Structures are given as C-alpha cells and as structure tokens.
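Undergrad: Since chain A is already given, all that's left is putting chain B on it; use the hints.
Going down the list, the sequences are from chains A and B.
For the first sequence, the working numbering gives the first residue as 1, with consecutive numbering after it.
For the second sequence, the working numbering gives the first residue as 109, with consecutive numbering after it.
No wet-lab data here; the hints were simulated from the structure.
A hint or two may mislead.
Here are some, though not all, of the chain B residues that point toward chain A, as calculated from beta-carbon distances under 10 Å [stated by the list, open to error]:
1) L177
2) G283
3) A313
4) I314
5) F321
6) I333
7) L337
Far from chain B, some chain A residues (derived; all Cβ distances over 12 Å) [unchecked claim]:
8) E21
9) A28
10) R79
11) L97
12) F101
13) R104
14) K105
15) R107
The calculated lysine to any residue pairs, modelled on SDA-like cross-linking and capped at a C-alpha distance of 25 Å, are [stated by the list, open to error]:
16) A:K18 with B:A273
17) A:K100 with B:R346
18) A:K33 with B:F311
19) B:K325 with A:Y22
20) A:K18 with B:V348
21) A:K105 with B:I314
22) A:K18 with B:L322
23) A:K18 with B:F306
24) A:K18 with B:Q272
25) A:K45 with A:R24
26) B:K325 with A:E30
The structure presented is a predicted model; accordingly, all values stated were derived computationally and were not measured.
Each residue gets a CB set at the ideal place from its N, CA and C atoms; glycine is no exception.
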Amino acid sequence: MAGFLALTLFSTAVFVAKYEEYIRGNPALERSKLLSTHLPGIAFKYLPVNITLASIVGFVGGGGVGFLLSQNINLLDYRAASVQIIALILVAGSLDLFSKFVWRKIRE
Amino acid sequence: MDEQNNKKATVKKLGKALLSVGILAFFIYSYQSIMDLQIMGDPIRQEGITHIFQALSEPDILEYETEELNVEAPVYLPCRNGEKPALPKTDINRPYLVATPSCGAAFKEIIVEGFNMPSFAEGPLYFITSSGVRKQLGVFSVDENGYFIVEVELPNRQPVEEAQALRATVSTNVGSPEWSANAIATLGKMIETIQMAFLTTVFAAILAALFSFLLLKTSSGKLRIFNTLIQLIFVAIRSVHPLIVTFPAIIFV
Numbered sequence: 001m002a003g004f005l006a007l008t009l010f011s012t013a014v015f016v017a018k019y020e021e022y023i024r025g026n027p028a029l030e031r032s033k034l035l036s037t038h039l040p041g042i043a044f045k046y047l048p049v050n051i052t053l054a055s056i057v058g059f060v061g062g063g064g065v066g067f068l069l070s071q072n073i074n075l076l077d078y079r080a081a082s083v084q085i086i087a088l089i090l091v092a093g094s095l096d097l098f099s100k101f102v103w104r105k106i107r108e
Numbered sequence: 109m110d111e112q113n114n115k116k117a118t119v120k121k122l123g124k125a126l127l128s129v130g131i132l133a134f135f136i137y138s139y140q141s142i143m144d145l146q147i148m149g150d151p152i153r154q155e156g157i158t159h160i161f162q163a164l165s166e167p168d169i170l171e172y173e174t175e176e177l178n179v180e181a182p183v184y185l186p187c188r189n190g191e192k193p194a195l196p197k198t199d200i201n202r203p204y205l206v207a208t209p210s211c212g213a214a215f216k217e218i219i220v221e222g223f224n225m226p227s228f229a230e231g232p233l234y235f236i237t238s239s240g241v242r243k244q245l246g247v248f249s250v251d252e253n254g255y256f257i258v259e260v261e262l263p264n265r266q267p268v269e270e271a272q273a274l275r276a277t278v279s280t281n282v283g284s285p286e287w288s289a290n291a292i293a294t295l296g297k298m299i300e301t302i303q304m305a306f307l308t309t310v311f312a313a314i315l316a317a318l319f320s321f322l323l324l325k326t327s328s329g330k331l332r333i334f335n336t337l338i339q340l341i342f343v344a345i346r347s348v349h350p351l352i353v354t355f356p357a358i359i360f361v
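Chain A extracted, bound-state conformation (with noise of 0.2 Å):
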C-alpha cells in the first residue's frame, strides 16, 4: 500500500509531464481519440518502467518482490537471489517489447 502511493504520486507527475508534451506536439489530435487510445497508450509504454520501480520499493518494506530480493541479497544468497532477478528480467523484459508493439499499432 506504502509503495502503491509512492508510485502512483512519482508516475502520475510522470505522466503529466509525457502527456503535456505529446498533446503540445499535436495539437490536430481529437480530444476523444487522446483519452480514449493516445493517452493509456503513453501510460502502458511506462508499465515497464513501473514493474522495475516496483521491484525497488520492497526493499523498504513496499511490499513485492523486491522484499525477497533484498532478504536473499542481505543473506548472501545469490543463487536464490538469481530467480527473483530473471523473472523481472522476463516480466519487466516482455511487457517492454509487448507495449512498444501497441505504441506502434496506434501510432498508425
């Protein structure tokens, strides 16, 4: 729940910041089209993004994976350590190739 705020108040100014731009970059947009495709496009690009800070804030207690990271670390148990690491590599890793193709298809 803790990390849940944090997050959501970092990306929510974020967003604001990527939004802003992509709108004042083309202002021909409709507004329906920008909140209906454009804009949870841009959010979903930063999902990503948000898996790899969420793995992050377990560390201090956020909850998640990183909770268990950060025991195995401090345990000196790499080789437990090594699971948690491939399977963001392989979440985190996915939905960066998956959400850069629907970028693309809605881009067209």
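TA: Same frame as chain A, now just chain B:
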C-alpha cells in the same frame, strides 16, 4: 548595425567555447573523483565478484529429492601391535572403499580409494568415531569409471581398540524435479509486484490526464501563476525517487 551583429556573434561563439571547455573540465574532474579503477583490480574483490556471478548463474529454481549413499571402510587408530588388521570381505560388485594403510597414528597420511561409486559424483569423506561422531577429512570426486582416490590425514583422537570407519557420502537426485520453495515464493511476490505496477499505472494515467488538461487550459491568461505553481509541484515530485517517498508513506498507511 553590421558591426553590432558581428559583436553579438563573437560573444555567442565565445560563450559556446567557454561552455564546451567547462563541460570538458567537469567531465575530467568527475572521472577522476568517481572512477577508481585500482579498486576493481584488487584480487580479493575479483574473487568475490567471480563467486557472486557463479552463484547468479545457478539459480535456485528446481529442487530434487536426494538419496544418500554411504560407503564405509574400517580403519584402526592407532595400529594394533604386531597383528595385521582383519578386513571384512567386500563384495566387488558393490561400491566399496579401500584405505592404504588401513591403520595409523594421528596425523598419518593415508590414501583412500573408492570403487564402483556413481560416476561423476562428488561428496565428503568422513571419519566416523566408535561413538558415532563424524569429522570431515576431505572431499572426493568420482571419475567416469566410478573410481576416486584422495589423500587424507587421520584425525587426532584418543586411541581406540576397535575399528572406526571411513565413510564416503554421495547424494544423488531421485525422481523428477520440482519447483523450489524460493521459486514458488518468487512467483507469488512477482504477481504482487505486477498488480502494484498495474494499479499504479492506471491511477496515474487517470490523474495525469486530468492534470494535463487542467495545465493546458491554464497555460495562458489570468491563471498563468496557478499553472506555474502546479508545474513546479510536479517537478518537485519527479525529482524524488519513489523509494524515498515510500518511507514516510509506510508510517502514513
């Protein structure tokens, strides 16, 4: 007029040159204070890093049930006077150990050979006292023919009349692999992380859409000051990593 323009251009050029020199100087200064290549060359550190990477390359994902194979051979500590120790008959089709010599005083170096062991297995070689206490003497690794040879030192123990034992232990994997407890825990926590990231993204997308339209509307006219204020607040939020915000948030919720 032309002269003035020329002057302006010269000042601009000078400014650019100064800026480039400044950036270069800052780069060199930063490089010198941050990059310490000597530390990375330290052999102890390199050993540690090798150890970490080795562990990282063997992730703890799968688990096997293990079965222990114990192979024993008698050993006398010390040798009994005059008589040769009687060795039990060994079945040469089963795994067995041979110690040469099979008796000796404390700290005596003996050679232990193993036959018919599982190929390529590795494991510890123990000394078992008559009261059942075990002490590791060394480790062995079996070759493809099921043979190993190690040289170990007999432990310093009180002399005992009866035979004590050398024991080679091999644990082998049995049955099909299963997900380790760590892998299962990781899956659960990973789902939690994905849920958190997804919820965050949805909430932030909605809030950001509201705020960005508000900012666009107020970007000109009387509400300019309001716009600047909100922009500054968002710049401030963006400057702080969410990790730092999590600390007060933990106390808050």
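Undergrad: Are the hints correct? Go through all of them and say.
TA: How the hints compare with the structure:
no.: 1; hint: L177; in the structure: violated, 24 Å
no.: 2; hint: G283; in the structure: violated, 21 Å
no.: 3; hint: A313; in the structure: holds, 4 Å
no.: 4; hint: I314; in the structure: holds, 9 Å
no.: 5; hint: F321; in the structure: holds, 8 Å
no.: 6; hint: I333; in the structure: violated, 18 Å
no.: 7; hint: L337; in the structure: violated, 13 Å
no.: 8; hint: E21; in the structure: violated, 9 Å
no.: 9; hint: A28; in the structure: holds, 15 Å
no.: 10; hint: R79; in the structure: violated, 4 Å
no.: 11; hint: L97; in the structure: holds, 16 Å
no.: 12; hint: F101; in the structure: holds, 17 Å
no.: 13; hint: R104; in the structure: holds, 19 Å
no.: 14; hint: K105; in the structure: holds, 18 Å
no.: 15; hint: R107; in the structure: holds, 18 Å
no.: 16; hint: A:K18 with B:A273; in the structure: violated, 74 Å
no.: 17; hint: A:K100 with B:R346; in the structure: holds, 23 Å
no.: 18; hint: A:K33 with B:F311; in the structure: holds, 19 Å
no.: 19; hint: B:K325 with A:Y22; in the structure: holds, 15 Å
no.: 20; hint: A:K18 with B:V348; in the structure: holds, 17 Å
no.: 21; hint: A:K105 with B:I314; in the structure: holds, 22 Å
no.: 22; hint: A:K18 with B:L322; in the structure: holds, 14 Å
no.: 23; hint: A:K18 with B:F306; in the structure: holds, 18 Å
no.: 24; hint: A:K18 with B:Q272; in the structure: violated, 76 Å
no.: 25; hint: A:K45 with A:R24; in the structure: holds, 19 Å
no.: 26; hint: B:K325 with A:E30; in the structure: holds, 15 Å
Violated hints, listed in ascending order, are 1, 2, 6, 7, 8, 10, 16 and 24; each of the other numbered hints is respected by the structure.
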